[in-house]
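Trainee: Each chain, written out:
Number of protein chains: 2
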Amino acid sequence: MTQMRKDIFTDRWVIVGENDGVQPRDFRFEKFTSGTGFCPFCEGNEAATPPEVFAIRNRGSSPNGPGWSVRVVPNSRPRLRIEGDLGRRAEALHDLMNGVGAHEIIAETARHDRNLHELEIREISDIIRAYIARIVDLEGDTRVRYVLIFKNYGVGAGALTISHPISQLMALPVTPRAVKTKLMIARDYFALKERCIYCDVLQQELKARKRLIAENEDFVAFAPFASRFPFEMCVLPKSHSSTFSRISAAQMENLARILRDVLQKLEQRIDGPPYNLSLHDRPFPRPREGYWKTIEDDFHWHIEILPQVFPITGFEWASGFFYNPVSPEAAARYLSLVPSA
Amino acid sequence: MTQMRKDIFTDRWVIVGENDGVQPRDFRFEKFTSGTGFCPFCEGNEAATPPEVFAIRNRGSSPNGPGWSVRVVPNSRPRLRIEGDLGRRAEALHDLMNGVGAHEIIAETARHDRNLHELEIREISDIIRAYIARIVDLEGDTRVRYVLIFKNYGVGAGALTISHPISQLMALPVTPRAVKTKLMIARDYFALKERCIYCDVLQQELKARKRLIAENEDFVAFAPFASRFPFEMCVLPKSHSSTFSRISAAQMENLARILRDVLQKLEQRIDGPPYNLSLHDRPFPRPREGYWKTIEDDFHWHIEILPQVFPITGFEWASGFFYNPVSPEAAARYLSLVPSA
Numbered sequence: 001m002t003q004m005r006k007d008i009f010t011d012r013w014v015i016v017g018e019n020d021g022v023q024p025r026d027f028r029f030e031k032f033t034s035g036t037g038f039c040p041f042c043e044g045n046e047a048a049t050p051p052e053v054f055a056i057r058n059r060g061s062s063p064n065g066p067g068w069s070v071r072v073v074p075n076s077r078p079r080l081r082i083e084g085d086l087g088r089r090a091e092a093l094h095d096l097m098n099g100v101g102a103h104e105i106i107a108e109t110a111r112h113d114r115n116l117h118e119l120e121i122r123e124i125s126d127i128i129r130a131y132i133a134r135i136v137d138l139e140g141d142t143r144v145r146y147v148l149i150f151k152n153y154g155v156g157a158g159a160l161t162i163s164h165p166i167s168q169l170m171a172l173p174v175t176p177r178a179v180k181t182k183l184m185i186a187r188d189y190f191a192l193k194e195r196c197i198y199c200d201v202l203q204q205e206l207k208a209r210k211r212l213i214a215e216n217e218d219f220v221a222f223a224p225f226a227s228r229f230p231f232e233m234c235v236l237p238k239s240h241s242s243t244f245s246r247i248s249a250a251q252m253e254n255l256a257r258i259l260r261d262v263l264q265k266l267e268q269r270i271d272g273p274p275y276n277l278s279l280h281d282r283p284f285p286r287p288r289e290g291y292w293k294t295i296e297d298d299f300h301w302h303i304e305i306l307p308q309v310f311p312i313t314g315f316e317w318a319s320g321f322f323y324n325p326v327s328p329e330a331a332a333r334y335l336s337l338v339p340s341a
Numbered sequence: 001m002t003q004m005r006k007d008i009f010t011d012r013w014v015i016v017g018e019n020d021g022v023q024p025r026d027f028r029f030e031k032f033t034s035g036t037g038f039c040p041f042c043e044g045n046e047a048a049t050p051p052e053v054f055a056i057r058n059r060g061s062s063p064n065g066p067g068w069s070v071r072v073v074p075n076s077r078p079r080l081r082i083e084g085d086l087g088r089r090a091e092a093l094h095d096l097m098n099g100v101g102a103h104e105i106i107a108e109t110a111r112h113d114r115n116l117h118e119l120e121i122r123e124i125s126d127i128i129r130a131y132i133a134r135i136v137d138l139e140g141d142t143r144v145r146y147v148l149i150f151k152n153y154g155v156g157a158g159a160l161t162i163s164h165p166i167s168q169l170m171a172l173p174v175t176p177r178a179v180k181t182k183l184m185i186a187r188d189y190f191a192l193k194e195r196c197i198y199c200d201v202l203q204q205e206l207k208a209r210k211r212l213i214a215e216n217e218d219f220v221a222f223a224p225f226a227s228r229f230p231f232e233m234c235v236l237p238k239s240h241s242s243t244f245s246r247i248s249a250a251q252m253e254n255l256a257r258i259l260r261d262v263l264q265k266l267e268q269r270i271d272g273p274p275y276n277l278s279l280h281d282r283p284f285p286r287p288r289e290g291y292w293k294t295i296e297d298d299f300h301w302h303i304e305i306l307p308q309v310f311p312i313t314g315f316e317w318a319s320g321f322f323y324n325p326v327s328p329e330a331a332a333r334y335l336s337l338v339p340s341a
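Chains as they are written, first to last, in my numbering: chain A, 1 to 341; chain B, 1 to 341.
Please note that a few of the clues may not be correct.
Non-contacting residues of chain B with respect to chain A, defined by C-beta distances greater than 12 angstroms in every case (computed) [unchecked claim]:
1) Gly37
2) Phe38
3) Asn64
4) Pro66
5) Val100
6) His117
7) Ser163
8) Asp200
9) Ser239
10) Ser241
11) Gln251
12) Met252
13) Glu267
Straight line, CA to CA, 25 angstroms or less: simulated DMTMM-like cross-link-like pairs of lysine to aspartate or glutamate [to be verified]:
14) Lys210(A) - Asp95(B)
15) Lys293(B) - Asp11(A)
16) Lys6(A) - Glu316(B)
17) Lys193(A) - Asp7(B)
18) Lys265(B) - Asp188(A)
19) Lys31(B) - Glu91(A)
20) Lys193(B) - Asp7(B)
21) Lys238(B) - Asp95(A)
22) Lys180(B) - Asp11(A)
23) Lys180(B) - Asp7(A)
24) Lys180(A) - Asp11(B)
25) Lys193(A) - Asp95(B)
26) Lys6(B) - Glu316(A)
27) Lys180(A) - Asp7(B)
28) Lys210(B) - Glu316(A)
29) Lys210(A) - Glu91(B)
30) Lys180(B) - Asp85(B)
31) Lys6(A) - Asp11(B)
32) Lys238(A) - Glu91(B)
33) Lys238(B) - Glu30(A)
34) Lys6(B) - Glu91(A)
35) Lys6(B) - Glu30(A)
36) Lys180(A) - Glu316(B)
37) Lys238(B) - Glu91(A)
38) Lys6(B) - Asp11(A)
39) Lys180(B) - Glu289(A)
40) Lys293(A) - Asp11(B)
Since the hints were made in silico from the structure, they are not lab data.
The beta carbon of each residue, even a glycine, is placed where N, CA and C say it ideally should be.
Model the full assembly from the supplied sequences, consistent with the hints where possible.
Mentor: Okay, here's the thing in structure tokens:
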């Protein structure tokens, strides 16, 4: 029999498959292909992008020339633009504003054919360093309430046009509803228990171990109890922190390690499925948002990795429910070395 | 410049593309193919499905034999089963229950190769009649709080395994969050204005006409102001009603007409994209749900049609935001005979 499970962080129900075994025949996806032809994100082609806003460069190299390991540029076809006012206004019954914010591309490496899971720990640490530099810079822009960093790997995860290893950053003038929902639930939980909901779940997962996928000194990766997607993973720092940009150099290296570890597992055991990866950080503290006063206690930053191997249908769109044929316990057994029950 | 638009029914923000023109080069989808080989939903193969729970049959035909125009059967691999108790319980911090409910397949026609938009009005009316019969029957099961009816057309909309024209029904033991969100917002709006939010938007769309796609005596189809998907459509009854199953015979025929009309437009003008269609009805009145007392006033049933021509990425999954490159005004001009501005 299937189970209906409620995600504790979002109050979202998920129907989890009755077959506890992994059934690769249910999955259908295109494998990642690195593409050919001219790529504006490759080293030597810097002139083909807008001028860089951040880069980690070799000593002596010049901005917008070769000699970098990570390079951040504005998207040349941005969904939100940095110029102008928000112009919040009504149109008849509706609310709208101008598409103001930022949309940046983070080239994760100068080489076209090396993907995130194939990089050195030092290189992945540099990507994390670039994320932090951009978040800290954008926090100074009071129009921005939230910075969302995400990665689409493979066509099935929406990466239709760019095959170079990249992440994307969007600076948003509103806090996304998905983030607000998590914040509100975490706030209510803290108000009731005076404990962080993420810390509680983390402790429980470390104790139960049946959904654990990877662990090191600073981080844990597990399959969430109510995973929406087969092989979904959540990466959480072990010590409580609301704010991604405050991680230490040692933590940064351990984050790079656990990310590479779990992405390599996906590559090796699920044959390189498309995935979406996203950073769930706290919103910027802005006085208009009521939650900013208790956010340090309430929220615990984390990373979500959502493999896209099973289709989303009218059921999911209409209900906000999900159906996931692979139980998180089966996913964890498959991905990790958790011994079978 | 792009616009950020807020959907009035859900409070969800959408970034709407700055290009007001339709750009088919941005779209990538597989066209529907009707498939070959043995199909359990074709006339004559009735023995290959579980026994029917409802059918519209020719006089003199027998249950589970040929001679039907619409036939409803339990899914042979159901995501929720009708047997057993919910068994709501805790597992450590988490909530779970058994996968109890119903999962049914509505074969829309006996013929494999005729799709919804190719059927006669009489045949589409019969499908609507089947929906109503199943909803009314399931309302008697007190474990069920909501019946969701949806259709996945084409591989890109998640129809991986069945190419026969079908809809699906899921009877759920909880009201889906997406429905609850709409209800709460509609309730707050009614509390403030003593008017239905859907009636207000409907009147405005009929007046402005710039997002109108189709209209008849009883129904209107328009591109929602904050459409998440290119060519998204909402079909709404003109007279206020919370409850789909109460439509009259005349309304039923006009619903069949407008559905066929808008699906034919998709087929002809967008070259037959995958789509998800879903019915958003009121939940069953159950005393545990606080909103049931005012639901008749607050809610207005409707149908959503979501073409799947543009990818969902990490941005959407992480934020709950959407990016839609085609403005609803451009979509309406493209799909309908609304004259260009």
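Trainee: Examine each Cβ of chain A, and state whether all of them lie more than 12 angstroms from the Cβ of Pro66(B).
Mentor: Holds: least Cβ distance 29 angstroms, greater than 12 angstroms.
Trainee: Do the alpha carbons of Lys180(A) and Glu316(B) lie within 25 angstroms of each other, as the hint requires?
Mentor: 14 angstroms, holds
Trainee: CA of Lys180(A) to CA of Asp11(B), is that 25 angstroms or under?
Mentor: 12 angstroms, holds
Trainee: Examine each Cβ of chain A, and state whether all of them lie more than 12 angstroms from the Cβ of Phe38(B).
Mentor: 18 angstroms, holds
Trainee: Over 12 angstroms from every CB of chain A: does Met252(B) meet that, or does the non-interface label fail?
Mentor: 21 angstroms, holds
Trainee: Holds or violated: is the Cβ of Ser163(B) farther than 12 angstroms from all Cβ atoms of chain A?
Mentor: The claim stands: Ser163(B) keeps its Cβ more than 12 angstroms from every Cβ of chain A (closest is about 14 angstroms).
Trainee: Going by Cβ atoms, does Ser241(B) stay more than 12 angstroms from chain A at every point?
Mentor: 19 angstroms, holds
Trainee: Mind checking the alpha carbons of Lys238(A) and Glu91(B) for me, to see if they're no more than 25 angstroms apart?
Mentor: 22 angstroms, holds
Trainee: Between Lys6(B) and Glu30(A), is the straight-line Cα distance small enough, at 25 angstroms or below?
Mentor: Since the Cα atoms of Lys6(B) and Glu30(A) sit roughly 34 angstroms apart, the hinted pair is violated (cutoff 25 angstroms).
Trainee: Checking one constraint from the list: CA of Lys238(B) to CA of Asp95(A), max 25 angstroms. Satisfied?
Mentor: The given pair, whose Cα atoms are some 24 angstroms apart, holds under the 25 angstroms limit.
Trainee: Check the hint pairing Lys6(B) with Glu316(A) against an upper bound of 25 angstroms on the C-alpha distance.
Mentor: Holds - the C-alpha atoms of Glu316(A) and Lys6(B) are around 21 angstroms apart, at most 25 angstroms.
Trainee: Taking C-beta pairs only, is Gln251(B) more than 12 angstroms away from all of chain A?
Mentor: With a cut-off of 12 angstroms, Gln251(B) remains clear of chain A, as the shortest Cβ separation is near 21 angstroms.
Against the hints set out earlier in the document, violations occur for numbers 5, 8, 17, 18, 19, 28, 33, 35.
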